[in-house]
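Student: Sequence:
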Amino acid sequence: MVPKYIAEKLDLEVVDKRKFKIVSDEVVEYSVSEAYIGVEDRGVTSLVVIGSNETSPLLGVTALELLGYQVDPVTKKLKPLELMLL
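Counting from 1, position 41 in the sequence shown corresponds to residue 1078 in my numbering; the numbering is continuous, with no gaps.
No lab work stands behind these hints, which were simulated from the structure alone. Don't take every hint at face value.
Unchecked claim - If you anchor each label on the Cβ, the simulated ranges turn out as follows: (1) Leu-1123 x Asn-1090: 36 to 46 Å; (2) Thr-1112 x Lys-1041: 25 to 35 Å; (3) Glu-1063 x Lys-1041: 17 to 27 Å; (4) Met-1121 x Val-1076: 16 to 26 Å; (5) Leu-1084 x Leu-1123: 16 to 26 Å; (6) Thr-1099 x Asp-1048: 16 to 26 Å; (7) Asp-1053 x Glu-1102: 19 to 29 Å; (8) Leu-1122 x Ile-1043: 26 to 36 Å.
Even glycine gets a Cβ: it sits at the ideal position worked out from N, Cα and C.
Model the full structure from these sequences, guided by the hints.
Tutor: If you want it as structure tokens, here you go:
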């Protein structure tokens, strides 16, 4: 999720609107775009949710998994994810 002002600065084009259930159990509709996300030596194209200008940037689990990373809950650092083909 990125704040609207960052999406505008990056010229992200809204491609759709999606509904999300948030922690308060409320359903909220947000605009979504596609963007190239790079972390360390890896990159991937992913959907990006565009929040309000007050939204804190957030790299979610889906983007991390697409990049082949997971967060180590002890060290709070990224570590490689063992990928599985099913």
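Student: Evaluate each hint against the coordinates.
Tutor: So, going through the hints one by one against the coordinates:
no.: 1; hint: Leu-1123 x Asn-1090: 36 to 46 Å; verdict: holds (40 Å)
no.: 2; hint: Thr-1112 x Lys-1041: 25 to 35 Å; verdict: holds (33 Å)
no.: 3; hint: Glu-1063 x Lys-1041: 17 to 27 Å; verdict: holds (19 Å)
no.: 4; hint: Met-1121 x Val-1076: 16 to 26 Å; verdict: holds (20 Å)
no.: 5; hint: Leu-1084 x Leu-1123: 16 to 26 Å; verdict: holds (21 Å)
no.: 6; hint: Thr-1099 x Asp-1048: 16 to 26 Å; verdict: holds (23 Å)
no.: 7; hint: Asp-1053 x Glu-1102: 19 to 29 Å; verdict: holds (21 Å)
no.: 8; hint: Leu-1122 x Ile-1043: 26 to 36 Å; verdict: holds (34 Å)
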